[in-house]
Amino acid sequence: MSINKKNDEFALNYGATHGGESDLTADEIKRLKRMAKKNTKRMDAGGWAFVIINTIFLVVFTVITLYPILNTVAYSFNDGLDALRGGIYLLPRKISFESYKTVFNMHGFLVGAKITVFRTLLGTLTSLIANALLAFVISRRRFLFRSSLSLFWVITMYVNGGMVPVMVLYKYLGLTGSFWVYVVPGMISAFNVMVLRTYMEDLPDELEESAQLDGAGYLTIFLRIISPLCKPVYATIALFVAVWQWNSWFDAMLYNRLKPEYTTLQYELMKLLSSVSKQGGNAGTSATQAAASTQVTTVSVRSAASVVTMVPIICVYPFLQRYFVTGLTIGGVKG
Amino acid sequence: MAYENDQNVNIEESESNQASNASAGTGSGASNVARKNDYYEKSLKKSKKLSKGELKRQAVLLILGGIFVVYGLVFYYLPLLGWVMAFQNFKTKKNFWESISKSKFVGLGKFKFLFQLGTLKESFEETHNIFKSIKAWIDQADFIRTIRNTFGMGALNLVSSTVMAILFAILLNEVKNKYGKKFVQTVSYLPHFLSWIIVTGILRDVLSSTGIVNDILRLFHIVDDSYNFFMHPLWFWPIVALSNIWKETGWNAIIYLAAITAIDPCLYEAAEIDGAGRLNKIRYITLPGIAPTIIILLVMNIGNVLNAGFEVQYLLGNGLVQKVSQTIDIYVLQWGIGKGDFSLGTAAGIFKSVVAIALIAISNTIAKKSGQSGLF
Numbered sequence: 001m002s003i004n005k006k007n008d009e010f011a012l013n014y015g016a017t018h019g020g021e022s023d024l025t026a027d028e029i030k031r032l033k034r035m036a037k038k039n040t041k042r043m044d045a046g047g048w049a050f051v052i053i054n055t056i057f058l059v060v061f062t063v064i065t066l067y068p069i070l071n072t073v074a075y076s077f078n079d080g081l082d083a084l085r086g087g088i089y090l091l092p093r094k095i096s097f098e099s100y101k102t103v104f105n106m107h108g109f110l111v112g113a114k115i116t117v118f119r120t121l122l123g124t125l126t127s128l129i130a131n132a133l134l135a136f137v138i139s140r141r142r143f144l145f146r147s148s149l150s151l152f153w154v155i156t157m158y159v160n161g162g163m164v165p166v167m168v169l170y171k172y173l174g175l176t177g178s179f180w181v182y183v184v185p186g187m188i189s190a191f192n193v194m195v196l197r198t199y200m201e202d203l204p205d206e207l208e209e210s211a212q213l214d215g216a217g218y219l220t221i222f223l224r225i226i227s228p229l230c231k232p233v234y235a236t237i238a239l240f241v242a243v244w245q246w247n248s249w250f251d252a253m254l255y256n257r258l259k260p261e262y263t264t265l266q267y268e269l270m271k272l273l274s275s276v277s278k279q280g281g282n283a284g285t286s287a288t289q290a291a292a293s294t295q296v297t298t299v300s301v302r303s304a305a306s307v308v309t310m311v312p313i314i315c316v317y318p319f320l321q322r323y324f325v326t327g328l329t330i331g332g333v334k335g
Numbered sequence: 001m002a003y004e005n006d007q008n009v010n011i012e013e014s015e016s017n018q019a020s021n022a023s024a025g026t027g028s029g030a031s032n033v034a035r036k037n038d039y040y041e042k043s044l045k046k047s048k049k050l051s052k053g054e055l056k057r058q059a060v061l062l063i064l065g066g067i068f069v070v071y072g073l074v075f076y077y078l079p080l081l082g083w084v085m086a087f088q089n090f091k092t093k094k095n096f097w098e099s100i101s102k103s104k105f106v107g108l109g110k111f112k113f114l115f116q117l118g119t120l121k122e123s124f125e126e127t128h129n130i131f132k133s134i135k136a137w138i139d140q141a142d143f144i145r146t147i148r149n150t151f152g153m154g155a156l157n158l159v160s161s162t163v164m165a166i167l168f169a170i171l172l173n174e175v176k177n178k179y180g181k182k183f184v185q186t187v188s189y190l191p192h193f194l195s196w197i198i199v200t201g202i203l204r205d206v207l208s209s210t211g212i213v214n215d216i217l218r219l220f221h222i223v224d225d226s227y228n229f230f231m232h233p234l235w236f237w238p239i240v241a242l243s244n245i246w247k248e249t250g251w252n253a254i255i256y257l258a259a260i261t262a263i264d265p266c267l268y269e270a271a272e273i274d275g276a277g278r279l280n281k282i283r284y285i286t287l288p289g290i291a292p293t294i295i296i297l298l299v300m301n302i303g304n305v306l307n308a309g310f311e312v313q314y315l316l317g318n319g320l321v322q323k324v325s326q327t328i329d330i331y332v333l334q335w336g337i338g339k340g341d342f343s344l345g346t347a348a349g350i351f352k353s354v355v356a357i358a359l360i361a362i363s364n365t366i367a368k369k370s371g372q373s374g375l376f
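Protein chains in written order, with the numbering used here: chain B, 1 to 335; chain U, 1 to 376.
Chain U extracted, bound-state conformation (with noise of 0.2 Å):
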């Protein structure tokens, strides 16, 4: 075959020298092949040495390429000089140079009042209590206390649906019914069509005093008049945690049971006939099987976890439950734009910024430490 291909190479290497530059259309089989390798050959001499002909067939590309840069520097990045922001006591004037310049600097101000260290040093003067002295800070400073709710919530919410969607991936792939298996497929992936607004108001009417769960407690007699979850600030994590279960387990097993199907049938065989059971062939080939797509996706997710704290909370929080609700995306939204303090906002957004990059690269590196590929 290659040989074949030399040698229409050598006999029509001025014909198609010639066509390829012209572009022009019709020719034999044979000649077609030998001309595409021809040009192929040239195409690479040309992408390492730049000719005028390879720009002007790129110019396309170069302009289209331009658009899309300076939509993102307008989109993407233009809002990072608005960090800025964060170290002025930020005025709007009439357009944003003017209010950029025009604003007072006034340094690290407005993170000093967002993490409020003197609280944390004072109680740590009277009370030599490291752990004692943090638990003073965070019942004082609000913003400690949204650091705080963010992670948590975050952590929850991702150790359980990962674990959930896990759970629900190898469970399903164990069915062998086809039709059982799409629908309860197809319903798994219902609620993440929904918005977190419906799911919420869904929540809502479940955990209502005519709701099904209350009437379930109270058929059982666990209570005697319905239960107000929404009142308590014990149970307001564990709900957003089951909400986020709820909407997402089935779409976030989507992965994992592709990733499932691409292990080696013959691994399973294999076991069988050592008299692997099914809980055994999961344990020691399912589970190792998927466990590079869990790395990469927990790798991904952990960089999420800030952002991840923002719709259910803010949906769903009341005045009750705010000491354990509020996250940072919600006390942006109300000291930054809410009470128009827009400096202390853009601080509290880059401290977000700056720790989800730190956790992202955080768990890149522990990814490939241990033997894992991480995402870069």
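Chain B on its own, in the form it takes in the complex (with noise of 0.2 Å):
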């Protein structure tokens, strides 16, 4: 494989970084190459102290990110009792599983979690279709009020009522003490659609136009050569969207306190480890005292708790990685 100077990337750049054309025959260039390849394998002193400081900082990184995690599971599977004694790190020291028992034997916490098992697939589900169908009306290049409609909705990611308004609105709309305040509401939100849009208008327009010419009409145009072609951003927004449902905790106190059929995990779990704080966080002192109170006592309890919560999402998300990089970046560099 001879250089060409004209088309090798690698001389070109040279000559861009060392001022005007480069004027190096080919020959040159590849003695340079396989200098540049000899550089990255022989490492002076400064290289090793970089990648040794640079790998300590990373497993420190890992360490702290992984360790309140695995310490939370340990505490889970102790024993309620022993583990007021402190020192639980990694591992269980006493094995039991009572504490996963009370949690699954609470009322409430039953509740929560089928609500939210509930609204998050519907929430998605809803969310997905309403975000999709708006992103594919604003990203029509054909279409009439393209930019005014485009305009209108970025409006909304910047300009909101407040809580306040918010809620006196779903008051009237008799959203508040009701299941479809976590659906209706946040149907749409700005950001996804711009995201959803930006990779549509990325598709080639050939596409719709021969569709067009097989006498497609526009909503055939988006079940049947657009959505397939979104999977992939579809997957970003459906998990964007899913994880903000299984995690939200404020509607629920905000407009469903009243309600204790429509409470959401979250919710629950809020409210188990603020009963424990309010208890005192020294837990160590009182040990005699809370175990007297109960028999399973709360920091195993609420660990228990915590892991039923965070699992579903633990399980997913590493399968669901490329999704979330691909959408990421769209939405955050384009906006």
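In short, the hints are calculated from the structure, not lab data.
It should be emphasised that the depicted structure is a prediction, and the values quoted were computed from it without experimental measurement.
Any given hint could be a false lead.
Using 30 Å as the maximum straight-line C-alpha spacing, the simulated DSS-like pairs for lysine-lysine come out as follows [stated by the list, open to error]:
(1) Lys339/U / Lys259/B
(2) Lys231/B / Lys178/U
(3) Lys33/B / Lys178/U
(4) Lys339/U / Lys171/B
(5) Lys91/U / Lys259/B
(6) Lys171/B / Lys114/B
(7) Lys33/B / Lys176/U
Stretch by stretch, here's where chain B covers chain U in the computed footprint (C-beta under 8 Å, at least three residues) [what the hints assert, rightly or not]:
(8) 167-176
(9) 321-334
(10) 345-351
Only some residues are given here: those of chain B computed to face chain U with a beta carbon under 8 Å [unchecked claim]:
(11) Thr65
(12) Gly86
(13) Leu149
(14) Trp153
(15) Tyr158
(16) Asn160
(17) Ile188
Glycine is no exception: its CB is placed at the ideal position from the N, C-alpha and C atoms.
Assemble the dimeric complex from its two separately framed chains, guided by the hints.
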């Protein structure tokens, strides 16, 4: 393979970084390339120091990220009374499943789990359909009100009424005290629409045109042509919405505080955790007191509840990595 | 190629016109291309001059767009009408219109209560020192304190999490081992997917008397008895910043990693020939390479500084640290909803919205002035 000076990226770059046209011969370029390769292989003391410090940094980072989670898991499998003595790090000291039994026998927690699963499924589905349809409409080049509709939604990203007017509105719409407050108001998110729109606009126009020639209406184009191509970005948006639905607690507290039948998992967890913190963070000193009041002490129970709440997400997210990486890159850079 | 197409268009003009109107299916490859070209030109003409056919074709889009506009008006624009409440003594009645129209207007009274400019004026007349009087103002006016807290924590979070994300992205990018890199990255995303409820719960455990931080402090005899971090106002802001770093570093680094990957590898090769070490390559190639991304994300996030101050502060705050933990959103929740003063809550919300928009506009202008592309 001979090196063409005009086409070889290396040569062009060398020229660019060293000012002006590169006047290197092909042989010189080859030699320089070989040198560069050698340079990367042969590391001096500074290079080694960098690698060592970098490795230490990343190991510490990973340990700090993982430890608190593993610690919570260890606590959840430990005997409740024994856990109060502290000193549990990565492994349970006295294994017991009592905490999980307690958690699964809490009525509120079960109701919350049911509602959360339901809102996550329904909310993700409706939100995905709505966002995709809106993005489809905005991304049609020939659509009359394309730019005005787009602006209409971009504004909602930056201007919002605030907590109180929104709550008053939901009250008068009859959304407070119902399940629908979890699904209907948050159905469209302008940010997600913009991510979807950017992706759809990058698809070739010819697809739509040829389909239109074959007599396809816009709905058919959406369902048969655009949607199948958008599967990766749909997965991204579905993941974003699902995580948001699964983790929300504030709407349950604000709108459905008086309706225990519509509580959510995270809200129940919050009530559990805050009841503990009110009892006093220094559980160790009041160990006997706490033990007297409850059979299984709360440190283990709340750890178990936390583990139950985070397991579904932890199991799913590693497999969806490539989707959210692309989605975030589109949304973040092109906004 | 183009010549061929033109020829086909000429030859099959009448036929293809018919075909595109009737939208019938089959034909040879060549005539397909021709038809498309023809169709394209016609549609371009049509898009300038609206014909009935085009309107008919776009009916679906118009209906869908209309539905979305109605939805947006109800859920995003109607609350803006509720801003009227801030200038009233709002009392809830049977329906929205009745409540709005029958509540008494009080002008800027609610805003005066929020800002308590009188306090500032009094203390300035007393001391004639602007810094001292602002301090007194912050001490005495609840809402001013929440503004300080919101901005303070927002800025601290923004700076610390951005710096950490960039550092993490750059260092991770330098790792040569593919599997190690993948593992660290996968782990780094994990906390982002946990709710703040879980994260604050975990944080309480880690910092509790039996948690690892106190164990380590005891091990090195830094403290004799366990130290309760949540009781000291001084620790609250750092704790919030650290929990943000813990939760979001890996996630925020995704974009920076993508930006680093987009840098032309030849630049690194050229730098190597010039004898640049790793640190120099990071300084002179990687950092300038991701600078536009950093600017855009900063511009985007500066507008969100005020929005970031709710969940952690609400979940971690307690009576002892209330003076440094209360943010605007918590204030709205406490006064507007907890104590039922809807007008006051709305006024505080309006202030937040207006400041957020101003922040975006300012940071966008600065970004553009400094030669970077902004958001708009």
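Point to revise | Agreement of hint Asn160/B with chain U interface, Cβ distance less than 8 Å | key: Holds, because the Cβ-Cβ distance from Asn160/B to chain U comes to roughly 7 Å (cut-off 8 Å).
Review point. Taking 30 Å as the top limit, are the C-alpha atoms of Lys231/B and Lys178/U close enough?
Key: Status holds; Cα separation ~27 Å.
Point to revise | chain U contact restraint on Thr65/B - CB to CB distance below 8 Å | key: holds (5 Å)
Check your understanding: Close enough to count: is the Cβ of Trp153/B nearer than 8 Å to one in chain U?
Key -> With a minimum Cβ separation of about 6 Å from chain U (threshold 8 Å), the hint on Trp153/B holds.
Exercise for review: Verify the proposed pairing of Lys339/U with Lys171/B, using a straight-line Cα cut of 30 Å.
Suggested key: holds (17 Å)
Review point. Taking 30 Å as the top limit, are the C-alpha atoms of Lys33/B and Lys176/U close enough?
Key: holds (20 Å)
Check your understanding: Under the criterion of a CB-CB separation shorter than 8 Å, is Gly86/B in contact with chain U as hinted?
Key -> holds (3 Å)
Check your understanding: Does the alpha-carbon distance linking Lys339/U and Lys259/B stay inside the 30 Å limit?
Key -> Judged against 30 Å, a Cα distance of about 20 Å means the pair holds.
Review point. How does the coverage statement for the segment 321-334 of chain U fare against chain B, requiring three or more residues with Cβ below 8 Å from a Cβ of that chain?
Key: holds (count 3)
Exercise for review: Please verify that hint: Leu149/B, Cβ, nearest Cβ of chain U, below 8 Å or not.
Suggested key: Because about 5 Å separates Leu149/B from the closest Cβ in chain U, which is inside the 8 Å limit, the hint holds.
Check your understanding: Does the CB of Tyr158/B sit less than 8 Å away from some CB of chain U?
Key -> holds (6 Å)
Practice item. Report holds or violated for the interface hint on Ile188/B, using the least CB-CB distance to chain U and a cut-off of 8 Å. Key: Where the cut-off is 8 Å and the nearest Cβ of chain U is about 7 Å from Ile188/B, the hint holds.
The structure agrees with every numbered hint stated previously.
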